[in-house]
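Chains as they are written, first to last, in my numbering: chain A, 125 to 413; chain B, 1119 to 1560.
No wet-lab data here; the hints were simulated from the structure. Take these hints with a grain of salt, some might be off.
Each computed DSSO-like pair below joins lysine-lysine, with the alpha-carbon atoms no more than 27 Å apart [unchecked claim]:
1) Lys1366(B) with Lys1295(B)
2) Lys1404(B) with Lys1295(B)
3) Lys318(A) with Lys1339(B)
4) Lys1359(B) with Lys1369(B)
5) Lys1295(B) with Lys1157(B)
6) Lys1311(B) with Lys1295(B)
7) Lys1157(B) with Lys318(A)
8) Lys1298(B) with Lys1366(B)
9) Lys1260(B) with Lys1404(B)
10) Lys318(A) with Lys405(A)
11) Lys1339(B) with Lys405(A)
12) Lys1404(B) with Lys1369(B)
13) Lys1339(B) with Lys1369(B)
14) Lys318(A) with Lys1404(B)
15) Lys405(A) with Lys1359(B)
16) Lys1260(B) with Lys318(A)
17) Lys1157(B) with Lys1491(B)
18) Lys1164(B) with Lys1311(B)
19) Lys1164(B) with Lys1147(B)
20) Lys1183(B) with Lys1260(B)
21) Lys405(A) with Lys1298(B)
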Amino acid sequence: MRTVPTVPLEAECISPDRLSSLRTEEIARQSVLYGNREEQLGEFFTVYGSAEDGEVHVEGELSKVKWLGAQMTRGRLVIHGTVGMHLGSQMRGGSIEVFGDVGDWLGAEMRGGKIHVHGNAGHLAGAAYRGSRAGMRGGVILIEGHAGFEVGHGLRRGLIVIGGDVGDFCGVNVLAGTICVFGRVGWRVGAGMKRGSVVLAHPQSGFEPLATYRRSGLFESVWLRVLGRQLAQWGFTPLATEPAPSRPKSAQHSYTATETTPTWCTGRFWRYCGDFAELAKGEILVRES
Amino acid sequence: MSTSAESLRVIENATCTFCGCVCDDMVLKVQGDRIVEAKNACVLGKAWFLNHHPENRPLATIEGKPVSLDEAVERAAQILVQARYPVVYGLSDTTCEAQRIAVAIADWIGACVDTTTSVCHGPSGMAFQGVGEVTCSLGEVKNRADLVIFWGCNPAESHPRHMTRYSTMPRGLFVPKGRKDRTVVLVDVRRTKTAPAADIFLAIKPRKDFEALWALRAIVKGMEVDERIEEETGLSMAQLKDLAQRMKSCKFGVLFFGMGLSMTRGKHLNVEAALALARDLNQFTKFYIKPMRGHGNVTGADNVVSWQTGYPFGVNLARGYPRFNPGEYTTADLLARGEADAALIIASDPLANFSQPAREHLRRIPYIALDPKETPTTRHATVAFTTAVYGINVAGTVYRMDDVPIRLRPALPSPYPSDEEVLRRIERRVRQLLGHPSSVHP
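Excised from the complex, chain A in its bound form:
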């Protein structure tokens, strides 16, 4: 980025789909909405190289730049810096990697693809836009740092993993899908959840179940190990510090854990089922402290 915008810049054209078939000078001529007027991308960004291979890199202070990678279907978008709202909103495929923080509405209503954020995210990651019934409908959102309120609001399918803490109403009105939190949680986790799973991997997550949830037992889960190994494979390093294993080493040998299985997913989890104010087919898995 050459010129930092003073008012919001809406640049949904920055997506591998749109740029891969264009020459450098054509990319610079792509229109962006700067406040209430259209401008050319080249006014703000120095454009070089080509996106023929489906890979686009964006660099700079992008906190007022919105809608990057919105509705993208393929390719790879890499962002170096802090980026604004609606990143990867409604994307269907491809991948986005962010080395920095992102604003609100990350991957809102996305349907496929993968977003990996190495910093923190704002509110409403993977959420439903106001007035929509369902939020994210597929794909993966990985946030290594903290996330704000209403993570996965109305989640219908897909996976959201937060390496740090989350705000209130994590997994509110979830229809299905999985949310995994490595840090501490705010109030009212899983309020209005119909189906789906919220996994709290921190043994002291600060979780207070709503009165409409019921504790249904302590168990070890195979699919959590699959999830743990997959996250390790993706190179996901949560911000929240991994607590020391609470179980003696001898006990750990009884698991089928391999060297690549992280310790968090091999422990035992309390299962809370609910939300009984709704369909009550959801679950919150809370790591045994």
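Please arrange chain B on chain A, whose structure you already have, making use of the hints.
Below, chain B alone, put in the same frame as chain A:
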């Protein structure tokens, strides 16, 4: 006293625009340029009418210096046309006619249009979208309601005639004995002045409304809830079950909620919980829910912005079509993030009540303020207009809190133009500057 019968005028059926009740049965006595008596008005209405006095302020100012109306309109239009991310804000204390022009200006200049709803019942507006509202008019409440619940509001002090005129005291068609035929419940964090007027007062712990409403939803459905709810909310299981039973067995129940729900931790999701409870109760009986709206015509602002753009507040028109996203396009947030580069503020005082970063940003950008009185916002405005007071000087339409439009009957003339007049002139000039002089706004 030199009271002479000749100079005393009486205005029957005048409308008070102080609060959302919009009582339209005022009898005002006017002497000279003062209202000397306001019969039927509550304590707030009396203060509204009797404290009205002629202003001694310039018609318009630019950077604090008095100027003519034309000069001020020109400067205002220039600011708005040049702005890249302007915001039109306020609107709740003016007539629907003026609100309509303000939305038109926002449309021409591609602005965000937002009302004071976003800092009071905005979360309720979002919740209405999420869950839906089971709605009725206050007339229905008066004639039918046998269970009235006030949750997180204090009508005895904020809407003094709400209870006597609509909700608890009046005799109605199906509640012939008035107050005796009704059960009134108050849920609040402290014993307010409304509490003595209620049959049941439930003292809930602060910020635990969501938990209580959510538990009530489950109890109404016949589910057992965890006993921890007692410690968490401060309400006993017996109290919750009793309330749930009353809600299910009443003939016509209504829940009025205030900013105790919409502006405490949880915000729109607190309101969603209340709306979902009201919705669930309709499996058993007739149950309705209404917000207790504050400002005189804030309901009108929601209605006008809704029928013009499709959304009630927090609307962005930069792309030529409306987009709705509270938090992104709401004034308090976009000022706090330092995004707006100009503002048009109508009948509102954000410099007195916004957050520090928002106020600081507003001071840095050029903005236009319309207000009948001098406020911190008008003092710092690049262009400030003194306008006539709606309801006292200006006729027009306002909406009562139950979305019923009511006509105003002004009592006094004013030397100042109305908001509508000023906005219409700004709109005309904006159109000329944008090259659309022939387009006529109805």
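| request: Of all the hints given earlier, name the ones this structure violates by number, lowest first. | output: Result: hints 7, 16, 20, 21 break, sorted rising.
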